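Those protein sequences? They're chains A and B, same order as listed.
The first sequence begins at 1 in the numbering used here and counts up by one.
The second sequence begins at 243 in the numbering used here and counts up by one.
For the record, the hints were derived by calculation from the structure and aren't laboratory data.
Given the structure is predicted, the values throughout are model-derived calculations rather than measurements.
Watch out, some of these pointers could steer you wrong.
Computed from the model, here is a short list of chain A residues facing chain B with C-beta under 7 Å [said to hold, decoys possible]: (1) 12; (2) 16; (3) 51; (4) 57; (5) 60; (6) 80; (7) 82; (8) 83; (9) 84; (10) 89; (11) 111; (12) 146.
Built from N, CA and C at the ideal position, the CB exists for glycine as well.
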Amino acid sequence: MGIVELENVRKIYPLGKVQVEAVKGVSFCIEKGDFISIAGPSGSGKTTILNMVGLVDQPTEGEVYLDGKPTSKLNDAELTRLRHETLGFIFQSFNLIPVLNVWENIEFPLLLGKTRVGKDEKKDWIDHLIEEVGLSEWRKHKPNELSGGQRQRVAIARALVTRPQIVLADEPTANLDSATGEQILELMKKINRELETTFIFSTHDARIVDIADHIIRLRDGLVTENRRREEEAPAACQGAEA
Amino acid sequence: MNTLANIALRNLTRQKKRTVLLGSAIAFGVMIVTLINGFAGAFSANVAENFSDLMAGHVFVSGSEKGEGDKTLSVIRDDSALTAAVEASGAPVRYVTRRSSFAGTLIFEGKKLQTNVDGADLSQETFLRDRLLLKEGSWDSMSDENALILSEKIASRLNVDVGDLILVQLETVTGQANVGEFRLAGVSYDAGIFGQMMSYANLGYVNSLIGLAPDEYQTMGIMLDGLKHTDAAAEAIYGRLYGGVQLFERGVKDEDGAVTPFQALMRQQKKESWEGVKYRLFTINEVLSQIEQIVAALDTTAGVILVVLFVIIMVGITNTFSMVMFERIGEIGTMRALGVHRGGVRSMFLYEALFLALGGAVAGIALALVAMGVISLFDFGMDSPAFIIMRNGHLSFFLPPLRAAANVLIIALLTLVAVASPAGKAAKLTPAEALRTQK
């Protein structure tokens, strides 16, 4: 079993009096340390799947396994704890906390859990992340004093600060110009290699699809393609059937 | 500092205009209530101090003597035991006064009016001149034996002018009908509802009218260094008198419906029998204990105003925080995704409301203190109709610290109640819902 596995997942939203089926029975498996692209046109169900993998939303049917453990029976507090301990998030609109500066935004997730990190260790780790994302000069700046690319770098550092196993990035380059988007992708790929963090993207950016180890394509809530870059056959986790 | 509390505090600075407006509304409400509390706090002390001057004492001793046919005469014929007890008590006594009084009917050109007349030794009670300002006439005219000073209201109702002769019908201490004649020496500025109590004449003349000898009197007034010494001094003097003279018991409870401890004391003598003279000791606080009811009424009014103002302000706070919740829905989603629990989101909104309430309340109290300082600078003069509630012609305030703390607590609680609903809604949002709804 991989680090993430979806088993016949369906998601139905009520939209007024109508029920909209955003995801129509999706199954796939993701290996630890992979750089995964979930691609597809708007409305194909990318963000919905990413939300369910990120435990911010629950499937209507089916099961999401994280590190081999089912998540559908977990209550809100357990899901919150699991999100905090296992997952990092990068959003299309950066979603930084406006009243906190760069350093504080990155520090924020570390202040939430029950596990307390030593003051010096925390400082060294945050400083290292700030250096990695190239914002050493900007650590005291508030989000509204930064460019889009700089904000997304802060979001990347924040997503990594808890040393999560998985980072989920929802269209991380959509609000950036192409040069900045390129830099951000390189940065994430570098972190993926160095820290072996699993990155899962929802995107329709061809550049992400090009560098992904594992590509999942969606259309109308269904998987149309699921393959690892080096294989022609459908991707499957070790010990699982494709 | 708790991270979420820190964010809540910083969130207040995001919409400065909105924060200032809400904070100002809270501050205004607190200021009004604090001013009323401050006024009520000084009210009873001011009234008691002013009455102490008008009644010439903080602690009083009066005598009741059994006469022929078991009649009770109000008289002190020999005060040597009383004077000795006062001296031995160690109470901080400024001076001792002696007064007689009667309730009689003043008659002038066919007009009649019931009033109390106090007989005082005005050569000794110079402080009365400072406290009671004359609108017409002069204190010098009080050297005439039958001189009388009336308040503006009584003089007007009798239609008398300075120099007029006023007939008086009264009863002596033994119950005999008597008449006398006063010459109006002065008209004092009216003290509002207390105007009826302020008619003064010479002690010697009042004694002659009520059938007492020149060196006799009815009530000894003991003026202390301040109102605060009253109860302790009364206990000390009572202790010294106890055993030496016959004394009515202090602090008796009356089951016949007496409103004040003083009334209860007066009723007590009707139930008891004794021979010779029996003394009663009472204080200005007991005489004016109804003032406490006025203070309680003022505090209740302040409380009602506080609640009414805050119900209005609470509606504003609830609406504003509902708006704030929608503005920050993306942040709520982000925080929830990053690992903030539902309780954390709720706490963040409640912290923000609490800081707003505390800031507004502290500002309101500070403003009220400044307003009190400024208002108390105005000299309304001793001729003000409201002089009885003032200190030397100035409105004064005393804000009991516990009352101020209670107001802050009430406001904090009401604000938290006002924000509870939007905070609860924010906490109930699922992260996906919040992230989907963000702008």
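Okay, the hints, checked on the actual structure:
no., hint, verdict
1, 12, "violated, 13 Å"
2, 16, "violated, 15 Å"
3, 51, "holds, 5 Å"
4, 57, "holds, 4 Å"
5, 60, "violated, 12 Å"
6, 80, "holds, 5 Å"
7, 82, "violated, 9 Å"
8, 83, "holds, 6 Å"
9, 84, "holds, 3 Å"
10, 89, "holds, 5 Å"
11, 111, "holds, 4 Å"
12, 146, "violated, 16 Å"
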